[in-house]
Amino acid sequence: MDYGFVGEIKFSSDNFNKESNYCLNIITKNGQSYNLVLLAIDKESENGIVTIPFIFYNFLDSNGKTIDKAVLTKDGDEITSIDIIKN
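Sequential numbering from 8 applies to the sequence shown in my numbering.
No wet-lab data here; the hints were simulated from the structure. Keep in mind that the hints are not guaranteed to be accurate.
As the list claims (entries may be wrong) - Subject to a maximum C-alpha distance of 30 Å in a straight line, what follows is the list of computed BS3-like cross-link-like pairs (lysine-lysine): (1) 36 with 81; (2) 76 with 25; (3) 81 with 25.
Said to hold, decoys possible - Computed beta-carbon distance windows for the label pairs: (4) 38 with 64: 17 to 25 Å; (5) 20 with 64: 24 to 32 Å; (6) 37 with 58: 30 to 38 Å; (7) 75 with 54: 27 to 35 Å; (8) 22 with 44: 13 to 21 Å; (9) 73 with 25: 14 to 22 Å; (10) 75 with 55: 27 to 35 Å; (11) 73 with 24: 30 to 38 Å; (12) 87 with 25: 29 to 37 Å; (13) 89 with 26: 16 to 24 Å; (14) 89 with 24: 13 to 21 Å; (15) 56 with 76: 18 to 26 Å.
Every residue gets a Cβ at the ideal spot worked out from N, C-alpha and C, and that includes glycine.
Kindly produce the complete structure, drawing on both the sequences and the hints.
Printed below as a string of structure tokens:
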């Protein structure tokens, strides 16, 4: 069984640096880790928010694997853990 999710990360334009490298590290309950490089559009919205959409899809055998957490990094340093909301 495959699994995946779609999401977006929002930054205040005051806290976002387009020269930095942002990455989302997805960690499964069995300890596997997947890194997604996040690419932002140079343009911000009118309300000063930069939105980075992403899609994560694991097409490998995922029996017994569920996502435990996601960690957002900036230039290799952890910024925050992200809650995964399952629908």
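> Cβ-Cβ distance between residue 37 and residue 58: within 30 to 38 Å?
Replying inline: holds (31 Å)
> Is the gap between the beta carbons of residue 87 and residue 25 within 29 to 37 Å?
Replying inline: violated (19 Å)
> Does the Cβ distance between residue 22 and residue 44 fall inside 13 to 21 Å?
Replying inline: holds (19 Å)
>> With the threshold set at 30 Å, check whether the alpha-carbon distance from residue 81 to residue 25 stays at or below it.
In response: holds (11 Å)
>> For residue 76 and residue 25, compute the direct alpha-carbon distance and say whether it is at most 30 Å.
In response: holds (25 Å)
>> If I claimed the Cβ atoms of residue 89 and residue 26 lie 16 to 24 Å apart, would that claim hold in this structure?
In response: Given a distance of about 22 Å, which is inside 16 to 24 Å, the answer is holds.
>> Taking 30 to 38 Å as the stated bounds, is the beta-carbon spacing between residue 73 and residue 24 within them?
In response: At 33 Å between Cβs, range holds.
> Do the Cβ positions of residue 38 and residue 64 conform to the proposed distance bound of 17 to 25 Å?
Replying inline: holds (19 Å)
>> Verify the CB-CB distance for residue 20 and residue 64 against the hinted window 24 to 32 Å.
In response: Distance hint for residue 20, residue 64 holds at roughly 29 Å.
> Honestly, do residue 75 and residue 55 meet the 27 to 35 Å range at C-beta?
Replying inline: The hinted range 27 to 35 Å holds for residue 75 and residue 55, with Cβ atoms some 32 Å apart.
> For the pair residue 75 and residue 54, does the Cβ-Cβ distance stay inside 27 to 35 Å?
Replying inline: Roughly 32 Å apart at Cβ, these two residues keep to the hinted range, so it holds.
> Is it true that the CA of residue 36 sits at most 30 Å from the CA of residue 81?
Replying inline: Holds, at roughly 23 Å.
Hints 9, 12 from the list above are not met by this structure, while the remaining hints are.
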